[in-house]
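Working from the sequences, and respecting the hints, build out all of it.
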Amino acid sequence: MSLMKQSEGTAKINVKDLNLYYGDKQALFDVSLNIEEKKVTALIGPSGCGKSTFLRTLNRMNDLIDGVKINGDIVIDNEDIYKSSDVIKLRTKIGMVFQKPNLFPMSIYDNVAYGPRAQGIKNKKVLNEIVEESLRGAAIWDEVKDRLKSSALGLSGGQQQRVCIARAIAMKPDIILMDEPTSALDPISTLKVEELIAQLKKEYTIVIVTHNMQQAARVSDKTAFFLNGEIVEYDVTNNVFSNPKDQRTEDYVTGRFG
Amino acid sequence: MTSAPIEKQNIGNGKSNKRKYMLESLSSKLFLFCALLSVLSLLLIVGFVFYRGSHPFIAGGYSFFDFIFGVDWVPSEDKFGIFPMIVASIYATIGALIIGVPIGLFTAIFLSEIAPKRVRKIISPAVQLLAGIPSVLYGVFGLAIIVPFLQNYLGLVKGQSLLAVILVLAIMMLPTIVTVAETAIRAVPKTYREGSLALGASEIGTIFKVVVPAAKSGIMAAIVLGLGRAIGETMAVILVAGNSLITPTSLTDSVRPLTTNIALEMGYAAGVHQEMLFATGIVLFSFILILNFVLAKISARGAN
Ligand SMILES: Nc1ncnc2c1ncn2[C@@H]1O[C@H](COP(=O)(O)OP(=O)(O)O)[C@@H](O)[C@H]1O
Ligand SMILES: [Mg+2]
Chain A
1 MSLMKQSEGT
11 AKINVKDLNL
21 YYGDKQALFD
31 VSLNIEEKKV
41 TALIGPSGCG
51 KSTFLRTLNR
61 MNDLIDGVKI
71 NGDIVIDNED
81 IYKSSDVIKL
91 RTKIGMVFQK
101 PNLFPMSIYD
111 NVAYGPRAQG
121 IKNKKVLNEI
131 VEESLRGAAI
141 WDEVKDRLKS
151 SALGLSGGQQ
161 QRVCIARAIA
171 MKPDIILMDE
181 PTSALDPIST
191 LKVEELIAQL
201 KKEYTIVIVT
211 HNMQQAARVS
221 DKTAFFLNGE
231 IVEYDVTNNV
241 FSNPKDQRTE
251 DYVTGRFG
Chain B
1 MTSAPIEKQN
11 IGNGKSNKRK
21 YMLESLSSKL
31 FLFCALLSVL
41 SLLLIVGFVF
51 YRGSHPFIAG
61 GYSFFDFIFG
71 VDWVPSEDKF
81 GIFPMIVASI
91 YATIGALIIG
101 VPIGLFTAIF
111 LSEIAPKRVR
121 KIISPAVQLL
131 AGIPSVLYGV
141 FGLAIIVPFL
151 QNYLGLVKGQ
161 SLLAVILVLA
171 IMMLPTIVTV
181 AETAIRAVPK
191 TYREGSLALG
201 ASEIGTIFKV
211 VVPAAKSGIM
221 AAIVLGLGRA
231 IGETMAVILV
241 AGNSLITPTS
251 LTDSVRPLTT
261 NIALEMGYAA
271 GVHQEMLFAT
281 GIVLFSFILI
291 LNFVLAKISA
301 RGAN
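Chains A and B supply the protein sequences, listed in that same order.
Reminder that position 236 of the first sequence reads as 236 in the numbering used here, one-by-one numbering, no gaps.
Reminder that position 73 of the second sequence reads as 73 in the numbering used here, one-by-one numbering, no gaps.
Each hint should be verified, as a subset may be incorrect.
[What the hints assert, rightly or not] DSS-like cross-link-like pairs, simulated, lysine-lysine; straight-line CA separation at most 27 angstroms: (1) Lys209(B) x Lys149(A); (2) Lys190(B) x Lys100(A); (3) Lys122(A) x Lys20(B); (4) Lys12(A) x Lys201(A); (5) Lys100(A) x Lys89(A).
Think of the hints as simulated: they come from the structure by calculation, not from any bench.
Next comes the structure, spelled out in structure tokens:
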């Protein structure tokens, strides 16, 4: 209720009373929140509290896991994503960046062109444009433009992660989900990715899971604090870090969590 | 309960260590001996086959070229040409690959990517059991089922033919291809699949565009191993090949691959005839050697 009042922008994603079970084990409890368009929303909380699980419900990646049961509503652009059966369309609208860079063992070009090709785009000129535009969008074009045809796995971890972001935006999604995108990166690469996120939010709605609270404070507009599968607090990032309402949030953001 | 205080004492015991060292060096020698045994066997077999097989060409004045490219094998008339057998072996192997590889790969993909656990639990052991069936039983099966089938439905005078060999070999290579390819596909990191699906690719698209290419070198190894099985198979082939000494020009021809030539005649051959059978063995062995070389190359590339 107080959560609703906080939202000022337009909600892109409405989540209401979401419960998720891995078999008999419940991992999410009555999660409700509205994620705003063209903002960065950070999900923080101790490990195992359900951040990744929640993130993966948004593009239905949990469908791949045997025995997952989900109830509640997730509405994206006025469509309940679990009532519609077109998962492929949903996933083309939502890009995802994973914890470890997971480029395919093929060339940089083929990686970025993978999504558009899967949608049936074959025209070389169109693909060339998409690839260049996406790599520029991910601020990695200058570093890779001379080696587009060489294996993507030859890049450094930080470069790979930015190509992963390019691969995701090549689909021209509305939303980008990121699950601890910098946890496997060195500090300089991390900084580059954070700068990129600040750029990307002009065009995309971004939801980012992070265990790094400074990062959440740096990059996000709003922050949701998860604990044991529940949202304890969801507010403007500044408030969460400097003026938390819940004692548990305060303990966590000040590092006094036990 | 109170436990008695444990007296502090050194657990090590000086005098038994000498025995430990002796046992250690003894057992390492035993291991070495066992390991050398297989190398020794290899050298003995290869050396023997090469020694006997090369004799007619070195000391007997026979031409190796005529041996490989000669089309007549008539030991009684001193004619030793194995060209028809080389062709039969190659055709039979390629034919078996054309049938066995797609079926084996689709089975492997199905087992590792698509099949529900329950289905996999039935099919996987069945495939493994197929590998354990003695090859003579494959031959018997071919003779009792495939050969009459070909005779009745293709109107062949004699069902024993190149086609029968190909079918039997295709079945025999299945377990090798399925097991090795399945392991390779399973080893592809889950993150590749997730990455592809998250980009809006379909499950089948993901399998063929990402998972299978990523398992490429393992799949190649599976094919080469299956090929090795086919080219060296003897017992099952003898029963269904028909064993005629002609260069096959059609699938329905009766054929005699290299292996069966050796097995059929070695029992009574003597002198040059016998040595020529050893020479046939050299040719067969060369094929296997080339295959192993290819396999090593593939797995070396896979390791990179
Ligand atoms: N595939 C799965 N099967 C069963 N339980 C899972 C699975 N994935 C995650 N969990 C459980 O769900 C809970 C939340 O996990 P996760 O969402 O990964 O947490 P976080 O990302 O916040 O560290 C944990 O208790 C975890 O053990
Ligand atoms: Mg996680």
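For each hint, the structure was consulted:
Proximity of Lys209(B) to Lys149(A) is assessed by CA-CA distance (about 17 angstroms); at most 27 angstroms being required, the pair is judged to hold. With a C-alpha separation of about 12 angstroms, the suggested pair Lys190(B) and Lys100(A) falls inside the 27 angstroms cut-off, and the hint holds. With a C-alpha separation of about 70 angstroms, the suggested pair Lys122(A) and Lys20(B) falls outside the 27 angstroms cut-off, and the hint is violated. Of the pairs offered as hints, the one joining Lys12(A) and Lys201(A) holds, with about 13 angstroms between alpha carbons and a cut-off of 27 angstroms not exceeded.
This hinted pair checks out: Lys100(A) and Lys89(A) have alpha carbons roughly 25 angstroms apart, not beyond 27 angstroms.
Consistency note: the structure conflicts with earlier hint 3 alone.
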